[in-house]
Every structure is written in C-alpha cells, then in structure tokens.
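**Student:** This is what each chain is made of:
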Amino acid sequence: MPLLGHRCVTHKIGSDHPLAGKVVYIPAMAEGSVEAFASVFHWLGIEAYPTPPSDQRTLELGAKYTSGDECYPAKITVGDFVKIVEQPGFDPRRTVYFMATADGPCRFGQYVPFVRKILRDLGHGDVQILSPRGETGYSDIGKFGTPFVRGAWRALVSADILRKLLLQVRPYETSAGAADKAFQESLRDLCQTLETSCSNYDCQLRSLVNALRRARLRFHEVPMAYDPQRPLIGVVGEIFCRLNNFSNENLVRRLESHGAECWMTDIAEWIAYCNGEQVRDLRLTGRTFSLDMLKSKLRGHIQHADMQALLAPFAEDFVGYEEPDIREVIELARPYLPYPGAEGEMVVSLGKSAYLATRGADGIVDISPFTCMNGIVSEAIYPRLSKDCGGIPIRNFYFDGTQSDLDRDVGIYLELARSYRERKAHARRYPRRFAPCTA
Amino acid sequence: MSINIGLDIGGVSLKLAAIGTPADQSLLNELTRKSSTFFSAQLPPSSPLAGHPIVLSKYRRIQGNPVEAAFDLLRDFSNSVPDQKIAGIRATGSGGKMVARMLNACFENEFLAVAKAVKIFYPEVRTLFEMGGEAAKFLRLEPSAESKYLGIVDYQPNGDCAAGTGSFIDQQASRLLYSVEEVGAAACAADCAARVAGRCSVFAKTDMIHAQQKGYSTEQILKGLCEAVARNFKSSIVKGRLVVPPVAFVGAVSNNQSVRKALQETFKLQDSEFFVPDLYCWLNALGAALLEMEEVRKRSFSSLQQLQEHARAGKSFASCDPLSLENVVLLRDRVAPAPPLEPARKAEAYLGIDVGSVSTNLVVLDAAGRLLKEIYVPTAGRPIEMVTAGLQEIQAELGDLLDIRGVGTTGSGRELTGELVGADTVNDEITAHKTGAMHVCRELGMEPVDTIFEIGGQDSKFIRIDHGVVVDFTMNEACAAGTGSFLEEQAEKLGISIKGEFARLALASKNPVRLGERCTVFMARDVTGLLLNGAQLGDLCAGLAYSVATNYLNRVVRDRKVGNVIYFQGGTAYNDAVAAAFAKILGKPIIVPPHNGVIGAIGMALLARERMQHAGKPSRFRGYDLNRVEFTSRDFVCRACSNYCDMKEFVIQGQKSYWGDKCSDKFRKRSHTDRQPVIEDLIAFRDDQLVAPLKAKNGGRGTVGIPRAMFFYDRFPFWCTYLQKLGFDVVVSPPTDGRIVGLGDELAIAQPCFPIQVAHGHVDALLQLGVDYVLLPNVVNSETPDERVQSKLCPWNQTLPFVVRAAPRLDGARGKILAPTVHFRYGSKRVEKELHELARSLGRSSGESDRATAAAYAAQESFKDKLLQAGDRAFHTLQTTGEPAIVLIGRPYNLYDRGVNCDIPRKLRTLYGINVLPFDFLRLDVEDISQINDNMYWNSGRLILAAARITQRYSNLHWVYVSNFKCGPDSYIKSFINDASQKPGLLLQFDGHSNDAGYLTRCEAYLDSKGFLRCPSSATVV
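For the protein sequence lines, the chains are D and E, in the order given.
Residues in the first sequence are numbered consecutively from 0, following numbering that gives the first Met the number 0.
Residues in the second sequence are numbered consecutively from 0, following numbering that gives the first Met the number 0.
Calculated directly from the structure, the hints in this document are not laboratory data.
Watch out, some of these pointers could steer you wrong.
In silico lysine-lysine, DSS-like type, Cα no more than 27 Å apart, as pairs [claimed, not checked]:
| # | chain 1 | residue 1 | chain 2 | residue 2 |
| --- | --- | --- | --- | --- |
| 1 | E | LYS84 | D | LYS386 |
| 2 | E | LYS982 | D | LYS63 |
| 3 | D | LYS386 | D | LYS142 |
| 4 | E | LYS616 | E | LYS345 |
| 5 | E | LYS560 | E | LYS1009 |
| 6 | D | LYS142 | D | LYS294 |
| 7 | E | LYS815 | E | LYS724 |
| 8 | D | LYS386 | E | LYS238 |
| 9 | E | LYS560 | D | LYS116 |
| 10 | E | LYS297 | D | LYS63 |
| 11 | D | LYS116 | E | LYS973 |
| 12 | E | LYS815 | D | LYS386 |
| 13 | E | LYS973 | D | LYS63 |
| 14 | E | LYS498 | E | LYS587 |
| 15 | D | LYS63 | E | LYS267 |
| 16 | D | LYS116 | E | LYS982 |
| 17 | E | LYS863 | E | LYS832 |
| 18 | E | LYS267 | D | LYS386 |
| 19 | E | LYS655 | D | LYS423 |
| 20 | E | LYS696 | D | LYS63 |
| 21 | D | LYS296 | E | LYS832 |
| 22 | D | LYS11 | D | LYS386 |
| 23 | E | LYS696 | E | LYS865 |
| 24 | E | LYS815 | E | LYS832 |
| 25 | E | LYS267 | E | LYS147 |
| 26 | E | LYS863 | D | LYS423 |
Sequences are here, hints too, so could you generate the full structure?
**Tutor:** As structure tokens, this is what we get:
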C-alpha cells in the first residue's frame, strides 16, 4: 500500500563514498539483529556481512590475542575478526570492522582501541574500524549518517520483535522446529524488505510494518499447545553474552527444554538507555538547554514513534509482554542503583528485573561474561532486590567458554522458579489467545 | 518389580541405594550376606519409609572409568537380585547422565536428588553443606509436607572453582604423602595451622608450598588446608547467603573431622545446630531411588550387557595433529661423562642447589664447569630433609674427592637453604637458569640460546637472551596453568606415571583430544568429563601436553617475541610430549638441553664459582652433614602489627634467621645489595602527607568513619577536611590486615576484585568501632585536562556504596552509610552543589557545606602539590646522578595498601636499595596518550599510561606495575603499557595471597635483568 502519489526511490552511496568498494563485517552478537543490521548497509549500497559463525577456531584465536583477563565477548570478537584476517584473499584495504563503542565505565568501550592495537600488531593497522560514537560518530557514513541511524534503529527494533515472537511461541510448539522456521522465514523477509525499501522514511516504515504483519501470520500458523503452567523466566544481563547463543551456550533453549518460557531483554532497551545517559551527561554539564539536548530529545522522540509504529500490529499478541519505558526501568532501579550516580548495564539489569517481577515472571536469569564488572555488581544487589520482590529467584549465569554442567544448574533453578510460582504475589496478564480458561 | 535403585556417579566415586518393599526384605538380606559390597541401612522407626528395606553400597572409587564401575556394581547387585525384581533405575551425579543414557534409565539432577532425600529422612534440616569428590553444594530448604516441590529456596554449586571439594584435599594431601582419609585425624593433631589462602586452589597450593618451605609441619599445613577449604566453602559457595540451622554436612568430605570442625567454627554453629547424618554419603543415591519410586511413567531399562558394550565402544572427540619428535632436539645423549676424579688430591668443586616447590636439585661442578653429580628429587614438602639427604648422597659418593669451594642456592626455598648450607650466593631462578643454559650451549659448542622456556612445578618462566643479557622475561602471574604440577596431577588422576609412561602414551596417540587453553582447575574437570565420556588415555595425555604448551604460550609468553634457538628446560622438559607439542605449535625446533631438570642448580654452581673466584675468601659452606649443623627452630607469632604472622626462627650456628613474616619490618632480612637509594623514601613521605589533615578527636557533632580503602588512598585529604570543617570527627579504619581481609571476604556477596572485598572489611571494622556514619562516596569521575575523553572510575569504584548497602548483614547499618554522588570532572561548582544534600542530611547548611568544600579542595590541592614538588626534586636528583629508578605504577589503593601488596613497593627500597618513584609524584597531566589509546575513559588508565610513557623518554627509568587479580580496567590497560613505555617492565598482580616469596622472585629477576642487582663480578659470568 504505497503512499499516495509517491514513487519509491532508493538512494545508494556513490563511488566517491569512503565505504564504496569496502566490505563491512559486523560482530554476530544477536541472531536476527545482525542480519537485519547488515541489511541496512545493503539498503545504502554498502557491502556488509555478519562475521562468520563463531567456532573453536574463534576461541583459539581469541585466546592467542588476549591475556585471558579481558571480558569473554572481547575474546570472541577478537577471534572472529582475526579469523577474517586469516581468510584467503583477505584485503586489509577493503576490510572494515563495525564495532559499537562506549565511554565507560565498563570495559566494553575498550574493545575498539584493543582490536585496533591487535590489528596494528598483526601488521594490519590500516584496517578501518567503523565505530559510531554518540551523535558525531556517524561521520564515516558521510551524508548517509542520518538515514543509517534511523534505518538501523528500525532494523534492530524489528529484529527484537521477531525474537520476542519466537520466544513467545517456541516453547509451546507442537511440531518441533516450526517456530524456528517461522523466525527464519520472517527474518529473510525482513532483510529483503529492508534492503529494497524506499529512501522515504514513511514509505520504508510502511513496508517494514507490512513485513512484520506477515511475520505475525507465520507465527500464528505455528501449531502450538499453550501451557499456562510453564514458568516465565526473565532474561537480563550483559548484552552480548545474553543475546549471543554461542557465548551463552544456548541458555535460552536449555531453559525452554527444561520447561521454561523466556522473556529476553532486547537491544532497543539498551539503545534507549544509552540515549538517556547522553541526556543525563548534558544535564550534569549544564547543557540542559542546548542544541545537543534538542537533537538528543528529538532523536528519542522519533525513535519512540518508529517503535510504536512497528509494534502496532502486535497490540493483541503482546498483552502481558509489554516492554517498559526506559525511564520506568531507571526508576525501578533507583532504590538499589540510584540515578545519576550509577551508570551502565547494571542499572538496566536491576530495573528490568524489578519490572519483570511485577509482570508476574517466575524467575530472573542474568547472563554475563565471567568477571563482568556489571554482572558482579548486579549479583551483589540481586539478593536485596529479590527480597523486596517477594523472593523471586534471581540467578547469575557466567560464561567464559569453559564447560560446566549448565543443564544441572538450569534444572535446579527451574525447581526454584516453579516453587516460587506457587506463592508469587504478581499475577500475569496473557494475550487473549493464551489466556488460561478462568471458567 | 518392586525395588528401585538410585545410582550416584560422581567424578571420584560411585554409590548405589536400593529401596524395596517389605516383601523384598529377605531378598535384600540375602544380598548383603552374599556380597561384601552392600549393607543394610538402619532407618529410625519414625521414618516414613520404616519397614522398607534399604541397601547401600560401600564407598567405591570409579578410577576414571565410570561406566565400567557402574557395570561392576550393578552386576554384583544383580547376582543376588533378579532383574525382574527391579522396578526402575535412576542415575544422578556428574557421570550419571552417560550411564543413564546407556541403561535407558532416567537421569536426575543431583540437587533435586539430595533435596528429596533430605526431605524424606531429615525434614528438620534447613541448610545443607555438601562436599563431595568434585562437587560442592549449598542448599537452603524450607520443605513443606503439602507441596509437591522440594522446598529449595536457595542453592549454589561450586561452579567454576574446584576448591572446597574432596579432590582438592585429595590432591594436596597426596603431595604431602598423606591419603585423603588420614587428613582429618592428622590435622586434628596439629596445635596450630599454617595460613593457606583458600580462594583458588592454585593459590592455596602455592601457599602450602611456601608454608612447607617456611618449615611448617605437614600436620599444621593439613590443618591450614582444612581451614582453607572451610573458609573457601563459605566465601565462594555460601558467600553472603543465609545459613539457617540445623545444618547438615554431607558428602565424602564430611568424614573429615578437621573440615567438620573448621566449618562449624567458620559458620559459628553450635554443636546442636550442625551434624553429619549417618547417611552422609548416600543421600544423592537415596534421593534418586526415592524419585524413581514415585515415577509414574517408568522406563524399561536395558540390560546390563548393553552398559558393558558401551563401556568398550570407542568414541570420537575433537582432535589435533598427532605429536611427533621430528622437530625436537634432545641433547641428553650428547654429553660426555664426567672425567674420573683423582683420589690423590681433592678436586676443586662447586655446589649448586635449587629448592623448588616440586623438586629439589643439587649439582656438583668441577672447576671447568663439568658436571660431576646431579640429583633431582621431589621436594615432597620437606625441603630441609631433601637437601640433607642430597648432601649425604654427594658425600658418600664423592666426599673424599671434592673440595667444595663455593655454594649457590636458588628456587623458592633459596633463603632458608642458603642459610642452612652456608651459601656464598643466593640468586633468583631466572638468573640461575639463564646462566646454566648459556653454559650448556657453550660446552656443547652450539649456537647461543636466545629463548628459554622454563617450566617447573609451580612457576613457569620465559626468558629472552640477547648476547648474554636477559632482555625480556616473564613469569606466570598468579596462574599455574601451564606448569608441571598440573600435568603431574592430571597424570595421577588418569592413573599413569608422569615419568615415561605419559610421554609414551601421548606420542603414540593418533588423535590427541583438543582440550584447548584452560585454567588448571577447569582443565582438571574437563579431563574428568572427557574421561567420563570415554576418551582414550593416550589421546588425553597428548591433549594435555598440547594444553600445557598452549597455556604457557598464551598466558606466560603472550605476545612476546619468541627467538629461534629455544631451550626447553625445567622438570617438565623430561616429558618429551610437551617438547613435541611446543615444536608442533610454534613450527620451530625445540632443544631440550642435557640435565634439563637441574639447569638452575648448574647456574647456581657457576654463579658460586664466579663469585668465589673473585672473592678471595673461603666458602661459607658448612659441610655435607647438615645434621652436624647446629640448627634449632622455634615457632612464634609476630605481634608487631595486627597481621599476627606465624613466624619461624632458625638459629643456625648462633646466627638467627627468620621466616614467615609478611612485612619484614620487625625481622628485617638482610639487604640483597649494597646499593643505596639517592632519593628520599617517597612512599613514606606520601603516607604522612595523606593523613596530614586528620585532626585528633575533639568531641564534635559526631564521628564519621572513613574506610582505609579505595578512595582513601587518593582523596582522603578532601573528604577528611570537608567533614572536619562541618564539625565532625573523622575516624579511619585500621590498616588492612588478616582480620579486615576476612571480614570483607565474608561480607562481599559476589566476587568483586580484591580491593573491593577489602573495602567491605574496612566498612565492617568501622561499624564495629561504633562510628555514627561511614563515608562511602559515590565518585563517578575525576578531574582531567582532557575534555574529549571521559575520566570515569571503574564500575566497582563507582558503585561501592550501593553494593555495600546491599550486603544483608549490614541491613541495620544502611542508614549510617553516607554516599554522596560526586562528579569531580565537572569542577568545583558542580561538586559544591552535589555536596549540599550530604550536608543537609548531616544537619548542616549549604553555606557551611560550601565553605567546607572550598577547604577540602585546598587540602587536596596542597597534597597534590607536595607530591609533585617532592617528585620534581627526586626526578632532578635522578637525572643529575643518572642513577636508575623504578617508577611505581598502579591504582593508589594497590600501590599504597601494604595489606594488599605484601609491602612489595616499599621492599624494593628497603631490600634492594632501589630508587622508587611512585607515579603520582610525576607530572602526568601533560602527557598525551591519545596515540596509544584514544578512548582511555578511565582516569586511572590515563594516569597509568601517562606514567609509562614518561619512562619511555628516560633510559634510567624502569617501571613496576602493581595491579590486582580481577581488576577489570587493568585487564585492558596492561595491553597498552608496553606501547606506552616501549620497554619491558614488571607486572605484579596481587590477590590476597599472603606470601611475598613469589613476588620477590619476580622483583629480583627483573631488577637483576635491569642491572640493579648486578655486581661487577657476576656480570662476567656469561
């Protein structure tokens, strides 16, 4: 359904663009999100791929170029990047690594200088690292910065929605693999839609909403038997480890196979939090009334509107599954990690845990890399939060690529969740098609 | 179809429990009569299962083959009990999954199994401590008879750490020639305990070794070990969790009365609140049987035959290239035998002794440096006895033919041995190994060695030599992955001899198992897992050889340049499989020199020769018979400070020497050099300046405690002045000592870095002092000249008040914690505003707060200026004299907390006469580090890299970087420090590990390689 009197055009970068002729590799943090993100580059005419799937070689190379004390996601990212260096025909001048970054206080922001140093030591200092920082950081994408940021947000939100559908349906499917199939088909559809979408923002949004509608239908067709007895487990923690199935050894699937349904904290929440941090820093430095503040607010507003539009087809499906506004998350964290003195992912983990508890979750799982500073702070505070939330079981799962008996831990953890379920104070709300019969 | 069986297959042992109906009584009686493996359990009449006969199997080790062990046990069982009588089998434990699959039986989660058994047999139990062979657990239970759930409210497995388990005690006990069963009784007999840090098994092990060398009796060490295991169980498994009595202690370790006692003391439990149930070892098996009994949908298990077939069938695992010796040069056979000695006159000879953690080596060289005798024996925790026996052996064989003109000692027991035998020179191991290796290549006319891989028992070293000078070296930092004792333990576990057999099996393997790079503790578990899953012994040996090599290359050598003439030496080089693994991984030839196990001792004999040829005085050697050396030892506790170190005083021929002190303040060891510092003691100067603003109590508006931790070490003048100006008395917690470390360990819930744990202890100490408030500011960032890059503190620093506030034990004191949020980066106006709220909560006005803030800023500025001025003076002296100096780099709470850093920074000056220039005495704000790291958003990181960058410009400035285990920021910053300094320095990572010996070795080798310790004579040794 095209806009009235509108002709679709897709603007691509020209041959004079700094990224023309280059190949961008994106760390495969979250399945679905990374493919959709790559599609945004394609949409702008830039060649981009997720890094090849992580494997044993990733870990070997990661170990070789790290001291072992860095965080686990850094090890994986380094391993995956060096794997590309080892590929036959590797051309440093054509290769671009995409790597998000931050200004601390956690270690994540060091990945870029660290990767840069490793490449330098390997003699590939000329490999470009595309690392957007704040509002100025998209200069590498030149005049396509604004469409890139907007398209990327839409891509990530859409992929978040697909993941949410998958996690909502998969535990109850009666035909094994049907939900995953619906996810893969919907992801392909989404990526194609993105790549070929119009440069007009409104037109692009419409086509994405349509792609998500199609995804909704696919998931509705998955044969399933809803079981209200399944405990609902909220998943919080470090963004990479939490979303990267290689790092977390498929913890979500394991939880599902032991009888749980999972509610995964998505990527959009983290982006919203980072935007909020920027606003806070502007405020703290006395720039409450500044152009930067205005820009920041405007971007927040636009992103919120885009998200609402993309979520619109799911009003019915996501009853009881609503994602909180980031301000609510920060507010819920305040008794434990108050604003503005506490910053970083731990605030989101704490606040989101409290939110999930009030939504009737039966347990919270925090997935973090081993020695993660955020994870350890959260772990120290969870017992207090749990006490305040009626004893909801909260569990940290740390990962560093070593084998451990995860299934045992999951088995026992779910025993706790089931037993909490019998006495929890917060009832869940359900979408109509799942609602347990009250008669 | 009435008997249900539970099988508990752990990493070490196997247990069976069978529950029948009353009708099965006679059948099961028959079983216990016929087989000595099984016995009947007596249940109290009140038990809900009264009348049901229960049969248990005696403790049986699985010896690395769980399937076969399970098969044997079940066969014994079915010899008396026909299959059709068995209703179901349920397996649990780490090896249970595989056996369950083969039997087509159910697998049960062991937590659920044990909780089930407790619910049925001991329903009054509220907390369960379990320590088994490889697993340790904590469980808190609130079972209710009505609920179908087991009532688990909290639980914790030992997770990624193996300390606190039976295997760990087992391993350590066998190092001391004790069997695990004897440990409890032996430890109970000891009057005192050696201090063993318990957080990580590797560190605990190192502590034990050092305790051995400090002369503790084996029993005292075992007692220390049992206490460590208990403490570790508390700090890493139970953490801050609620322990509700009654507590049941179960699992194989509960049989150890010393651990039992230590646990009871650690958790302060009364006799009535703590017990070891009769069924302590069989609860998991019983629980599995009980759950199987309740199972509605029974599975028909397959016949035992199938299990046996599976046990025999091979499996495939990820593998690496087979090992080969084609690129390994073994020089063992290329040495000529020593020339015969003339009985007529005594030959000039030199003695070298290397007392290491795992082996003790002695060599005798003649005047030409030819080897006359070598001895390589395990230290076995008895260094004095081993050296005594070694000397006796030399005397018996060669005594009449030799004239010992000089003696040198090295190794971690070098000082004690040196005193005992009368050494002429005592050196660090790196210098010893270098000297020995260079001698070997000269003797054999080979290309000069440029790289040494030295892998000993606990230490591994990497040395790079350029024209006879150590240009780079490193040792394993607080990590024993890639050392010999790791392989030894694994071999023991696999039931094979590390000597010969291991290498033979490994080299014969066609498919070495890919084990990857792992921490020692994880590896031990992986190997168990693979073994449980049927991996072949040879393939595992080869995989382990690869792992040790990979661990060594990745964790010790890291990104350092490896040369082309590589000598692989140390005790581990006897293992040809490891040499083959190095050759395979590096694609370079690996040379194993002759006498590879005693190269360090050879080096010491040569260094002794060198020293004595220049000294022109007789050797201090006391003779072969150490029994004739009059030595007495006496234990006492040094109470010079609250560390209360366990001391040993040795009086050797009237000469006193002391061992065991953490600080060497009171019993100062002799300086190792004649060097005198040319600059003042800046650390002492700083210590004084830091607390200068602190005034005596004057009974003001109340007392505010400031923990002597974290922010204290850099911003005390600010906070102290601010609070005093507001009219409060400031109280600082006492210096970090064992008590405070212990308090912190207990209070911290998760496992943050060591300094944060220590900070928890300081807060607790202050609260115990009865202060009205404790200041724990939420400092977000710091002042910086760089407006582009952030200047944050790390998340643990930032959130310290919030984390402390969440500690359950401090619930009542939450209101006492003052946690103002401050952003120093945004300037004094911002800070002024931010402190208003704090002042208000203390009943002071904003105006008063502003005046106090101004004074606080002035005090902090004055402190900073004094440091910089003193730094300028020192710097000027150094540049005019050209004297070398060490720039001390690191976070202030690591650099200046003597309880955290074993006082090493100060010892550099007091022991070695080094000019020590701490980094905050340098003008760091003018250094630009953006070329090294353009987004160093931690202020500490900026300062650290700036200091390193300054050393780049001055050839007489070297650096020592003091860090702590688990420091998040440092894990990245350390990667950039070489780029900043362009010269190798020394990184020391502290972790609450109480012995300074290992750190001093690193320091000495570093100082020696930088020429600080080189005396004119020994410089020519090469």
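**Student:** So which of those numbered hints doesn't the model satisfy?
**Tutor:** Going through the list in order, the structure violates hints 1, 3, 10, 15, 19, 20, 22, 25 and 26 and respects the others.
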